[in-house]
Every structure is written in structure tokens, then in C-alpha cells.
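Chains as they are written, first to last, in our numbering: chain A, 1 to 347; chain B, 1001 to 1347; chain C, 2001 to 2347; chain D, 3001 to 3347.
Quick caveat, the hints were computed from the structure, so don't treat them as lab data. For glycine and all other residues, C-beta sits at the position ideal for the given N, C-alpha and C. Check the hints yourself; a few may be wrong.
[Unchecked claim] Rough simulated footprint, nothing fancy, chain D against chain A, three-plus residues with beta-carbon under 8 Å:
(1) 43-49
(2) 279-293
(3) 335-343
4 protein chains.
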Amino acid sequence: MTRAGILNVTGYAGSELARLLSGHPEVELVAVTGRSAAGRRLVDVFPHLWQLDLPVADSLDAAAVDVVLSALPHAAAAEQLVPYVGAGVPVIDLSADFRLKRVDEYERHYAVTHPAPQLLARAVFGLPELHHDEIANSRLVAAPGCHSTAVILALAPAFAAGLIEPDVIADTKTGLSGAGRGLGLNVHFPEADESVAPYGLDGHRHLPEMTQELAALAEAPAPSITFVPHYIPMTRGILSTCYGRPRGRLASMAPAAARVELRRAYDDFYAGAPFVRVSDVPPATKHVAGTNFALVHPSIDLETGRVVVACAIDNLGKGAAGAAVQCLNLMLGLPETTGLRQSALFP
Amino acid sequence: MTRAGILNVTGYAGSELARLLSGHPEVELVAVTGRSAAGRRLVDVFPHLWQLDLPVADSLDAAAVDVVLSALPHAAAAEQLVPYVGAGVPVIDLSADFRLKRVDEYERHYAVTHPAPQLLARAVFGLPELHHDEIANSRLVAAPGCHSTAVILALAPAFAAGLIEPDVIADTKTGLSGAGRGLGLNVHFPEADESVAPYGLDGHRHLPEMTQELAALAEAPAPSITFVPHYIPMTRGILSTCYGRPRGRLASMAPAAARVELRRAYDDFYAGAPFVRVSDVPPATKHVAGTNFALVHPSIDLETGRVVVACAIDNLGKGAAGAAVQCLNLMLGLPETTGLRQSALFP
Amino acid sequence: MTRAGILNVTGYAGSELARLLSGHPEVELVAVTGRSAAGRRLVDVFPHLWQLDLPVADSLDAAAVDVVLSALPHAAAAEQLVPYVGAGVPVIDLSADFRLKRVDEYERHYAVTHPAPQLLARAVFGLPELHHDEIANSRLVAAPGCHSTAVILALAPAFAAGLIEPDVIADTKTGLSGAGRGLGLNVHFPEADESVAPYGLDGHRHLPEMTQELAALAEAPAPSITFVPHYIPMTRGILSTCYGRPRGRLASMAPAAARVELRRAYDDFYAGAPFVRVSDVPPATKHVAGTNFALVHPSIDLETGRVVVACAIDNLGKGAAGAAVQCLNLMLGLPETTGLRQSALFP
Amino acid sequence: MTRAGILNVTGYAGSELARLLSGHPEVELVAVTGRSAAGRRLVDVFPHLWQLDLPVADSLDAAAVDVVLSALPHAAAAEQLVPYVGAGVPVIDLSADFRLKRVDEYERHYAVTHPAPQLLARAVFGLPELHHDEIANSRLVAAPGCHSTAVILALAPAFAAGLIEPDVIADTKTGLSGAGRGLGLNVHFPEADESVAPYGLDGHRHLPEMTQELAALAEAPAPSITFVPHYIPMTRGILSTCYGRPRGRLASMAPAAARVELRRAYDDFYAGAPFVRVSDVPPATKHVAGTNFALVHPSIDLETGRVVVACAIDNLGKGAAGAAVQCLNLMLGLPETTGLRQSALFP
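Excised from the complex, chain A in its bound form (with noise of 0.2 Å):
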């Protein structure tokens, strides 16, 4: 058995790792630590964990574990992760710290000195459909941002094939988990429930990364994303709609046959990766509730020849704690879908 750790165990990325590890028939959560909530039992904090007969801990010693799974947030994270990269530990980062490969773009972008730069050169991004040896070879994966996996997934084979232009929109509907465990009017039940607003307008983090990905997909000039995020009201769920312009072959299709043609695409492009499901019809994000799958359905607007992709993840699960754990197996040499493999919980 692989002896896991996670650091910041307190918010829902920590929670959800750890009740993803509680059933991983190959690793042993062995120790978990979380400041604000130090000294207590993780039962205490998180009933629904009750199995986890664990205490809380303020720090975690490298030599104590296999492996490390950070849920702490962007810039403590590189921080505090330096020493056991330093140590050999293989680390899994669910921030932001070492997605992004150019320094200056995460410095715009989170207005603080990355505390690590030297340490981006051997991260890998952790979406196992676009770096599967890669992260297989790493020992620093940095798991995407939920909004950018929903997004990336949704475009990524329009972009590999030629099929896309450019400019597109990312239109995406986020449960309110999203929002993380952290208080504020926006998440206070009588407010967010039975609403749903935009939000992010004035720029989201999220979008760098989705930019550097698919630009690395796609045909030049880079792609060029307005990505507007929405919380409605619901616990876990993202669901990512895409609207861009046929491009290539694809745009002097008729509305049908170009139908088929972006559905080969995207079966193509899918077709090793176990998590993926392209979907004949509009994805719900119930379906994958709890899971670490994501449904994709590409299609094509019958009035305007627009492509219209749509892609549905639970944020928490391949959106962060799910993805986090199928780059683990590749990194251990497991089969990628270990411990993985639940259904969601419908309805």
C-alpha cells in the first residue's frame, strides 16, 4: 500500500480527496493536516468521514508518507510544498501554482511572486486525456482548475482537428461547492438558493490555463476565449457550454454531415481515455455526480452552423479530487481507473 498525505484537508477538495482515498484499494491515507482545524479528529470536522479514524495534524513529515496530494491554497501551495519535492516525494498540487508554464502570466493573474519558479520546469498539467505519459513520468503534477477541465475537455478535439476557429465563448453553469467551504453572502443559502447570476466578469483565473492548453492543441493563432462563469443553485456540478465557428473542412459542411464529422472527432480523439464518455445526447450533470467522469456532447447549431459543445464534470470530482487521484494511479503505475470507478449518484 502507497502511504498518502494531504495537506489542507479542511476545504471540499481536502474532504473530497480524502473520501476518495478512504476507498483506494491501493493507497493508505496515513495523515492529513489542516491549520484551522489542527488538534481536532478529522471525524469532528467532517462526519461523513467518520471511517477515517485520523487526527487533524499541523504539519506533515515527508518521510512519514509515499506520496503528497495538496489541497492548500495558490501560493502557500508551492511554498509549502518545496521540501518534499526537495525530499523526492511525488506531489500533486490542486492549486494554481505550477499550472500555468510561464511565470509572468500566474504573476498577472494572482498578483503575488511565485514562490517557486524553479520548480515549473518539471510540473506537469495534470488532464491525463491531454499528458498521459507525461504525468505518468512527473513527480509535480498540478491538477487543473474545475472551470478549465470542463472547458478543455469540451474543446480540446475541435481544436486538435482543425475544426474550430479561434474565438470562442465558454459558457459555464457551477454548483455552488465551487464557491469553496469559505463564508460570504454569494453562498449563503437564502441568497444563492433559487437564483443564478454571472460572475467573474472582469476576468477569471481559470482562463490562462484553458488559453495555454488548447493553444498547445490548436493551429495558430491561439485561441482566443470569453469564459463566463454562473453559479446556480446546486451543491457539485460544472457544466461547460462552447460556442465557436466551424473552421476547415468542417465549415463548408452542411448543418448534418458536419454533425457527424465533429462527432468522429471528438469518439477519435476520446477514445483511450476511460473517463470520457462523448454523449449522444445533452449531458446533465447529475449523470456524474460523485464521479470522476465527464460526459461531452459536440454538436452543431442547425441554424447557424455554430459548433455547440457542451461538457459536464462534478467540479470536486474530475474537476479536482477525482483527477487528482487518476493522476496518482498513473504516477504509482496503476491502472489508471483504480478506486475510481463509482457511479454516480443518480438521483
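Keeping the supplied structure of chain A fixed, place chains B, C and D upon it in accordance with the hints.
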């Protein structure tokens, strides 16, 4: 007091009409019909309307009312409204039957023969923000579809001012009362709750009326709208987020300046509209729940320069029954806001 | 027009008072206070109140208003209301400060020294269904707690008619606006959504006022109430389900006959109460959302003969701000229903 | 691997059985039936089960399976299960057909003639916390009703220890998946959302099985239960709050001491029960969502001395499919928790 009758009170648009008219100081609701509930008391169908002591009738005598509001489904509406129009009774219809100017468009999208094409020429599209005086002078008004109202209010000022290119995306999130009172698994609580999915990807019937109304405002070529609605787990409210490229003088401005310019166009366009508030912040549907108000927030994406406009309404209020009462006020020569000034039910 | 002021408009009871007064034909809301928001416009705190163009002030001059409605928390309320009472301004207080007749009870349950015990003798418990004339003649009215209103309305007729034994259970289900606008994990959307739990098992502060009011109606011995509230995942509404054993003539009747007898007692008790409807069917909170109405459904369990009465109200309506406006109407000599006749927002 | 078949997979209990068995390490789901969906693929009925590549059949051959789990409705279940029982195939039935020992009770409450009364004698009530060894030795197990499980688990220790008087109240709050997959206005999202109401006030079919099971544990006289269920706006979960008067030694204790005594009885009773956790805090359904666990919180009302016990389960988990799989494990001689140890999906 003007005597009003409602045809087909048993759906959500019909019952919302009854609710609004029950509080209207100049209109008395004297009769309601509803085939499925004929013979019952209204309070037995809708316990929340117990202050309205009315029987649900099978039919409505034109002589018994001064105005008819119809919540009948399309085709049935046109068929049953002919006698009232013939008798000179003012009619407000909430179906799609009298919204489209072109009968061929109607017949293509609704797959029925129009039962009363001869009435189309005298019908007015019931959006007072665009057709204030025509509505006041009309005796046959077609209240717009709920999605259409949100999309048109979001985009009309930009098109009217020549500030947006014709290719636009309208991504709409709607509460489940928009699916009506008819039963179905997609509105079954356990399956609709905690989920979001797109629908209508093969074409939605509200598209032609949006296009018709925006085309009448816009410079050539006509708007080309990709419209994708989504059901989200709440009861009331529509948020439409619309995307397009800047045009004309807007296209050459820096994003910050473009925001100011765009905002000015919206302020001007809605200067005399008592039910539209151009908002400084992203609009939330909860802030208009139960009302006839619309919140519109025009913006420019700072990264890409794209125009992004969000509009929030209550789908049963400004999106249906509220708009009908607003038109009724105009037709009766009353102040537009009579009986419609309630603040939203928040939280 | 009577000039009204609201103290502490920034919570849900305060904002609901503002919403109701904005539609009141005989009262003008002229001033609002709120420490945390002092200096801002009301619309910036509550976008849904944009029709009320008012600043949020730090304090309220007694000379500027004809009546004061206070949504201040307990202790602060009594302290700050003394000057208004002294100046002869009629006051309606939504806190617990003037509900209990016995200052020792108050001080035991609220763990504070009562700031103005000298005012208790002149205060009236603001439930018009029990104290109609006293309220009309009072200048200091204490609006009841939301749970108390539901439980008292459910049980008052049975106790008044001697039809129920003193040992009763009140199991209450309340929407999360009942927890107020203060932030906390128990009202954090991701944790409150899709969950139900009891709270207050060590004692709830609304218990003594329920007992006081029901004891005043009941034959000896005084009612002994086990009161357990539960938060459920919705915003507005309280349903209280109350259980007891039949007493007197009811105890010897067969269940079906007992149902008729019990119903008659409720019909009689509420014959003159415009806001209470004795319902033939189990009441749903949605049928009173946004209103000052109460639905009460008395029944007899056919298996055990027990009395079971359910009462549904809107916790912010009849449970708080609506009741305050109802009392205000009585104090001003207006018809009790002035400004309060809107039907519920359904669906 | 044991080969299992599910009869009537198309409801929520059936699909939850399929979900649980798909992750069971010792059981392979080899066949499913469902009249309404016969001939379709399971994934087309339930997209969340796409990992189970199974056709929905019209019938199930007894020779093809080692065990049958039935989610058929009552009466149909008994009728269709006779051949499997006759063929010696172990059967777990989720309907009410084999729960009640007395056929007259069954026929009175279900208003049908029992199709197979000859099987009642060999059937075991499938609550392992009460009938562990009998289940292990049985070939016909009747999984309890969801409400019954919550109420019995809440009250069994108190009755078994003689600590509660026979007159008890069980007030249950249930998510809407409890209403099943059949359509109806009471489960229609716009009407169920944001509302709570009691139902079953004329008698609920789960009552006799609660009474039967608790009577078998209790000292005479038999428990007399007033049971009132309520639908609340969430999908999964039941919380039952049960009330009674203390008996025996508990009745003479001060409330604080009584709490300790009561807690000890619960700890003792559930000492060997892997799926019941006696909780220090009021239980929330969210902490057991998707699992076979139950949280039980016994308490004493400090004001009145009454016994108050709350129990939270997932109605589709411990309340239906989870319990069935727990019984299946016992019948197969497997550890009771096999395939059932997942932590709850929180948040």
C-alpha cells in the same frame, strides 16, 4: 373597473395572471376557464388563490368581459380567440400564435397550419420597451416568449445603436416553471434537482421571434443568433447571457472605454422604460422574483473585447404574465406600472 | 400617510418590513437604519428594493417618524427603543425583548439583564388572532417569534376549547432564512442544501413565549411543550406539526367524529381572523410564501386517536414582518388587511 | 462471483441496487428486468449506469442467477417471486409483501389479497440490526420500508431497554426520491421545491411494520405510534424525529443523568452494528447521502424530560437498496459491509 377573463388558468402563466390581476386596482378578474379543471373552484386547483372566489368554467362569454387574457397553448389560442377579436374584445395572447409576422415562419417552427392568419396583420408584439405606442393602440397583443424577452432586452440597445456584430450567442438559464405544469421526468424533482443540462439543441421555437424583433432594430445584415437554453434547479427566473463582437465605434475602443460607451447606449435606450433597470453589477434572478422587472448588465470582456450582456427576469413575470398586464395597462390607458410595482420576494 | 421608520433594515426581517411597507397604501417608509451599512443606499444593500430610494442611516430621529418598527436583535432593541417609547412614538418590536411577561424568564433564556423591564407591563404580544383589541390600543407591540406563531396558531383553538391534554409535541420545519443573514456553515449552501437536521435540542428561546400564550388560553395545568425545530433546504416557510392527546369530550369520541368536532373548534376560533385559513388539506408552505397568511389543518390520527395539527406560514411574513404590519394596521385604526392581501408567490 | 438479477430496475430502488452491485467485489449483476423499458439498454434508461453494459429484459430466468433482488411493487412482487422461491433461489424483496407476519394486517393496509401467504412463515424482516442471524439463515428476506427503518433504528434501543413508554410520535422528513419515479404534481419540481407539507394523515402503510418490529422488542403493552411523514425539498434522505415519555428507571432521573443513561442503552444496543453510528450531535441526512449508514442521536428534552431520538438515513441506501445488499452479504456468508463502505457524498 375593467372586467377581465383568463382563458386556461390552470397552467403557470394562467395562475400568475390570476395572481397579478387579484391585486390590480383597476381590473377585476370576473371569469376563468380551464378545460381540465372545469367545474371545480379555483381555490381547489390553486390553494394560494383562495382569496379569488371563482369557479373554473368551461368557456367564457365575450359579453361578460371587457378584455381577454389567453394562456392557451399555441394553435388552440388562435382558434379560440377569433370570436373575441371579432366581437371587438381586446385580447392579450400569451401563446406564440400572433408573435411572428410571417405565417410561413410560424408554420415551419410550430408544425401546424395557422388557424387565423388573417389576424396577424393587426397583432402587435407585446414588448412595451420596443412597441409602446403600438400596444397602446392595439386590440390584439402577443406577449413574447420568456426566453425571447430576456434575449431581446439584453441585445436590443446594442443592435439599435449599431454597436454589435450580427453573429451573437444567447446562452439562457431558466427555472423549471418554464417547462410548464405538464409532468415529465425532466421536471421530476429527484431528476431535475442538483442538475443542469442544455436542451433544444435541435432548435428552439423562441428563436424566430428573437430574430424578428432584433432584426427590426439592427442594421443589415440581420442578427444570426445561436440560442441554447438550459434548465437549472430553481423554480422561477431566466438569466440570459449574450455574447457578440463589438461593431462600429465600439470596435476600435479600448475595453474600459468601450464599457462606458456601451453602458451609455443602454441607459439611453431604457431611459423611459419603468421596468428595466440597467445594473452596475451582474444581475441575479432572485432580485426580480415575482416581479415584472428586468435587470440588464452590459459589459465588455477585458481580455477579448467581446460584448457580454446579461439580463435577468422572472420567466412568469416579465417573461409572461407580468408583460401581459403591462400591455393591458397600456391598452386601457392606465399608467404602465399599475398593479405591477411590487418589489421582488427576496430572499 | 403615516411616516414609518425601520431600525436595522439590513437583516431579513428588516428588509421584509421595507418590502411590505413599500407597497402599503397608507404608510410611507421615510427612514431606515443599519449600523453595518450606514452611509450606503438601500439599493446597494438590497438590489431588490431599488424602488425605495433611501439612504441607510446610522440613527433615526423620533420626531421624523409617526411609528417605529424595530428589527434590532434582542437587548439592543429594548435599549434603543426606550427613547421612542418615552417620546410617545408607537413602536413595534420584532425582537424577543417585550414578548415575555416575566423578566426572570427572559433573563434566564436570553442570558442578559433586561435593559428596560419597566416597559414590559405596557407591551402587548403581537398576535392579533389572540390579542386583537389590546394591540389596537397599545403603543408597544412585540411581534412573536416565527416558530411561536406557527405553534400557537396550530394549538390555540384546541387549548382554548379544552380539547387537548397539556403534554404536546411541536415539531417544526423551517426554511433557512430563519437562521438570519449572519453567515455560518449551517447556512452555507453546499452544507445546508440536500440535508435536514434538528437543532436546539438543548432548548430554544421561542419555547417560553409559546408556553406563556398557550397557558393563558388553556385550562390548568399549563401546557408542557417539547419543541424541536429542524432546518430544511428551502428559503422561506415554517411548517409546525403539533401532536397531543385528546381531552374532554374529544377523548371519548371515535376518530372520525373527533375530526369533525375538532374542526368545528378551529372554524369557530378563527371565524374572524382574516389571515388564518382552516384548511381541508394538509398545508404546504409554498401556498403562503411571501404572505401574511397561515394555513391550519387540524386532524385526528385514525390509528391512535391523537390530535395532529399542522400550521404553515412564511417565517418572514406572518412569522415576522407581516405580523408587524398587521399589528401596525390595528394600531393605526386601519383595516387589518391593508397592504397585506397579496396572494402567495406560487409556484 | 455470485450472479445476481434485479427485477424492475427502472425505479429508484432498482437503479440504486444496480449502482451498488456494480461496485460489489463478490457479486456480479448479470441481468435486469423492467417492463416499461424492456428491450432498451440500461444506459439509455439511466445514463449514470453506463459502465453496466446490460439490456433491460422482460423476464429473468431462475437458472441464470444465484440470487434475485426484487424492486417490484407490492402484490406484483409476491406473485412473481413465487417461482424463484420454489426453485430455491435466494430472494430479497424490497416491497412490503413479506414484511408483515399477519396476512390480515397486510390485506387491510394494502387492500389486496396476498398473492403468496404460504411464504410468509419463512420470510425474515430484513433489518440486520434486529435479525442478523435469521437473515443469514434465510432464503427469503423482506427489506423494510424506508420510513420504518428510520423509526425502528431510532426507537429500538429505548424499547428494548424498557426506557420509553409505549405512546410515541414519529415525525419523519423525507426527500422526494421517496415518492418514486412515477410522475405527479407533488413531485413536480416547481411545486415541490421550496415547500414542505405533511402527508399520509389518514394512515401510512409503513406503520404496521414499525409497530410489529418494535412490539417484538418492547415490554407490554405494544407501542402505539403516531407516524406523520413530510416531504421536503431534497432528493435523498430521511430524518425521523421520535418522541416519547421516559419509562422505568429513566423516568425518575434528572434530565442530564437520563441523557447519559439513554445514551448508554443506545451504545450497547448498536455495539456490534457496523452501519449504525450513535452520534454526539444532531444527525444530518447529508452525512449519510449515498450510503448504508444510519446516524442515531438519542436525547432528553431538558425542559420536559421527554425522550427525543433522531435518526438519519439515505432512504435509497439504508432505507432500501443498501439494506438489501447488507442482507445479501449475510445470506452469502460475506462480511456484512462488503461493497458498502463508501463514505457519504458530502457536500
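Cross-check of the supplied hints:
1. 43-49: Satisfied; 4 residues make the cut.
2. 279-293: holds (count 8)
3. 335-343: holds (count 3)
Checked against the numbered hints given earlier, the structure satisfies every one of them.
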